[in-house]
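Kindly produce the complete structure, drawing on both the sequences and the hints.
So you can see what is in the structure, the chains are spelled out below.
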Amino acid sequence: MKECVIKVDDLYFTYPTGITALKGISTEIFKGEVTAIIGQNGSGKTTLAKHFNGLLKPTRGSVLVYGKDTRQYKQRELVSKVGYVFQNPTHQLFNTSIEAEIAFGPTNLGLNAEEVRERVEEAIRLFGLEEHRNVHPLRLSYPYRKLVAIASIYAMHPEIMILDEPTIAQDFLGWMLIFKTVNDLKSNGKTVIVITHDMLLVSTVVDRCLVMTDGKIIADKTPRELFVDDSTLKQAFLRPPQITQIARRLSENIAEIPPNVLTVEEMFELLSAKLQTSSL
Amino acid sequence: MRDEVSVIVDNLTVKYPLTLEPAIENINFVVRRGEFIGVIGPTTAGKTTLCLCLKGLIPHMVRAEMSGRVLICGMDTRNTSVPELAKRIGFVIDDPEAQLTQLTVEEEVAFGLENLGLEPNEIRDRVRWALEVVGLSGLEDRAPIDLSGGQQQRLAIASVLAMQPEVLVLDEPTSNLDPVGKDEVFGVLQDLREKRNITIVVVEHEAERLAEFSDKILLLYNGKQLAFDSPEKVFSIKDLERIGERRPQVTELFVKLIDSAILNFDDSIPVTLDSAYNILIKELEESR
Chain A
0 MKECVIKVDD
10 LYFTYPTGIT
20 ALKGISTEIF
30 KGEVTAIIGQ
40 NGSGKTTLAK
50 HFNGLLKPTR
60 GSVLVYGKDT
70 RQYKQRELVS
80 KVGYVFQNPT
90 HQLFNTSIEA
100 EIAFGPTNLG
110 LNAEEVRERV
120 EEAIRLFGLE
130 EHRNVHPLRL
140 SYPYRKLVAI
150 ASIYAMHPEI
160 MILDEPTIAQ
170 DFLGWMLIFK
180 TVNDLKSNGK
190 TVIVITHDML
200 LVSTVVDRCL
210 VMTDGKIIAD
220 KTPRELFVDD
230 STLKQAFLRP
240 PQITQIARRL
250 SENIAEIPPN
260 VLTVEEMFEL
270 LSAKLQTSSL
Chain B
0 MRDEVSVIVD
10 NLTVKYPLTL
20 EPAIENINFV
30 VRRGEFIGVI
40 GPTTAGKTTL
50 CLCLKGLIPH
60 MVRAEMSGRV
70 LICGMDTRNT
80 SVPELAKRIG
90 FVIDDPEAQL
100 TQLTVEEEVA
110 FGLENLGLEP
120 NEIRDRVRWA
130 LEVVGLSGLE
140 DRAPIDLSGG
150 QQQRLAIASV
160 LAMQPEVLVL
170 DEPTSNLDPV
180 GKDEVFGVLQ
190 DLREKRNITI
200 VVVEHEAERL
210 AEFSDKILLL
220 YNGKQLAFDS
230 PEKVFSIKDL
240 ERIGERRPQV
250 TELFVKLIDS
260 AILNFDDSIP
270 VTLDSAYNIL
280 IKELEESR
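As they're listed, the protein sequences go chains A and B.
The first sequence: position 266 = 265 (numbering that gives the first Met the number 0), numbered continuously.
The second sequence: position 208 = 207 (numbering that gives the first Met the number 0), numbered continuously.
If you're looking for bench data, these hints aren't it; they were derived computationally from the structure.
Among the hints, a few may not be true.
Below, simulated DSS-like cross-link-like pairs (lysine-lysine); rule was C-alpha separation at most 27 Å, straight line [unchecked claim]:
| no. | chain 1 | residue 1 | chain 2 | residue 2 |
| --- | --- | --- | --- | --- |
| 1 | A | 22 | A | 215 |
| 2 | B | 215 | B | 237 |
| 3 | A | 56 | A | 189 |
| 4 | A | 273 | B | 255 |
| 5 | A | 1 | A | 179 |
| 6 | A | 6 | A | 73 |
| 7 | A | 6 | A | 22 |
| 8 | A | 179 | B | 255 |
| 9 | B | 237 | A | 273 |
| 10 | A | 273 | B | 281 |
| 11 | B | 237 | A | 179 |
| 12 | A | 73 | A | 22 |
| 13 | A | 179 | A | 73 |
| 14 | A | 67 | A | 80 |
Going by beta-carbon spacing under 8 Å, a handful of chain A positions derived as facing chain B [what the hints assert, rightly or not]:
| no. | residue |
| --- | --- |
| 15 | 16 |
| 16 | 39 |
| 17 | 106 |
| 18 | 140 |
| 19 | 173 |
| 20 | 234 |
| 21 | 237 |
| 22 | 240 |
| 23 | 248 |
| 24 | 259 |
| 25 | 263 |
Chain A residues, not near chain B, derived (Cβ > 12 Å throughout) [said to hold, decoys possible]:
| no. | residue |
| --- | --- |
| 26 | 59 |
| 27 | 67 |
| 28 | 224 |
Fair warning: this is a prediction, and the values are worked out from it, not measured in the lab.
Glycine is no exception: its CB is placed at the ideal position from the N, C-alpha and C atoms.
Set out below in structure tokens:
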């Protein structure tokens, strides 16, 4: 059976400005899954995710992390379980070198110097930051700053990792690094929550999509179900990836092509089978 | 009729102080008025340096050695001040928060116009128009800082649009937007180019959308110009992924099909959904 690590029950949240960003959210997040929170800009995705590590506390309703209400946690205890990488990396970088930045979290967890060093080296290697280890984080370009922000949270080895728009502004190599990181976290049994507009990421690494509009979850589906569900796509201002779009058009005329193709590889297999048999 | 030229980059090389290699080297291209140019290349390719040159911030504000020439609407950037250039070339950067300074959305868009010394009525009209174009009408009194990332990005575009420049340079203008928001911005850019003959230069990683909208793609890698050509030519370059760029998914599919000899194909490889669909449906129907 799936193990529930975060349980959200009838969550409402109103900002001090009076704007109600969450309007009755109930859902569960399961261990070892990659869950995407997707939907229109301003639909409440980040506000919801900030409740998962106690950055925000419910106005009404509750959020339980490993069975305990986020209001009962000491913040230090919660952030060691749930790591949050902000959308804008500039908001979380404040040390004078990449090494110091990555070491900050593990040091605060109370790890000894040797363990901290190992964590830092692991993260630097994993995110390809060797060349930049002594550079001031704010001297790096935006995509590298984002990788540093992810690396510094990764080094704390949280059980649950939240990535807010991780692939923004990344080139394909940076994208592949993030894709691989999410995949590795998943195969190590970690729970990943990703807030994203990147449908390529959703179609290749995500298990389950929570689709939000206007402070509510309007759909809870796999990517394969979601990308053929026009009414949800329309409501949430989403588009399927290009390869699903072409599959859907082809499927209208060609019986052997299903509409819910998710990746280029899948489409390639389908077409090779179809086109090769015919030429024999 | 003679084609008007908006941008000439002539043998441009830029080297920052205390660095060994130039950030960009021997860049050469010409953009005609009303053209839509996509600029791609991995993170350290030199895209931002090129943008700084187009805007005149190099050589005027940023310390760097520059050789070669950049002409914007006929004006040599070396002999033209940044404010003078700003009337002709607008610039939207990739971190919208860094460029928003005012207390309300309306003031944000009006700010640049006030600095141009326009009449209040003209300012009001342009603010209304620009907010409508980017879909932010109704949010005039909101604080820019309270907007979502995507709304901020559209606001940054509106502020530049309102100045009605001839050339618009956008550095990853849609990176914070939801998919429909991305389509809207590209739609806006397409409109500006078709209806107002505005020249668009856009730095993006959105291969599918660039392929759809661009007349030409400039591919930079390690400061060098690898290509300045049609989307069909650039997105079918071998090893594009290895240097850190992605093709449109349909193009990736065709490259795989051709490489494994499943399709024989002499024409240029399709880069848009429609062209790929038309070829595939024909192949599949013939194979029945």
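With the threshold set at 27 Å, check whether the alpha-carbon distance from residue 56 of chain A to residue 189 of chain A stays at or below it. Judged against 27 Å, a Cα distance of about 24 Å means the pair holds.
Given residue 259 of chain A was flagged as interface, is its beta-carbon under 8 Å from a beta-carbon of chain B? 15 Å, violated
Can we keep the residue 240 of chain A interface hint, with Cβ of chain B closer than 8 Å? Given a least distance of 6 Å, the restraint on residue 240 of chain A holds.
Under 8 Å is the threshold here; is the Cβ of residue 16 of chain A close enough to any Cβ of chain B for the hint to stand? Residue 16 of chain A check passes; min Cβ-Cβ to chain B is 7 Å, inside 8 Å.
Classify the hint on residue 106 of chain A as holds or violated, based on whether any CB of chain B lies nearer than 8 Å to its CB. Where the cut-off is 8 Å and the nearest Cβ of chain B is about 29 Å from residue 106 of chain A, the hint is violated.
Status of the hint placing residue 39 of chain A at chain B (closest C-beta pair under 8 Å): 5 Å, holds
Hint consistency between residue 237 of chain B and residue 273 of chain A [alpha-carbon to alpha-carbon, up to 27 Å]: With Cα atoms ~26 Å apart, residue 237 of chain B and residue 273 of chain A stay inside 27 Å; holds.
Are the Cα atoms of residue 237 of chain B and residue 179 of chain A separated by 27 Å or less? 23 Å, holds
Residue 67 of chain A remote from chain B - nearest C-beta pair above 12 Å: 31 Å, holds
Verify the proposed pairing of residue 22 of chain A with residue 215 of chain A, using a straight-line Cα cut of 27 Å. OK: residue 22 of chain A and residue 215 of chain A at ~6 Å, within 27 Å.
Given the hinted pair residue 6 of chain A and residue 73 of chain A, is their alpha-carbon gap at most 27 Å? 18 Å, holds
Restraint satisfaction for residue 248 of chain A [CB to CB of chain B, less than 8 Å]: 5 Å, holds
Hint violations for this structure: numbers 13, 17, 20, 24, all remaining hints satisfied.
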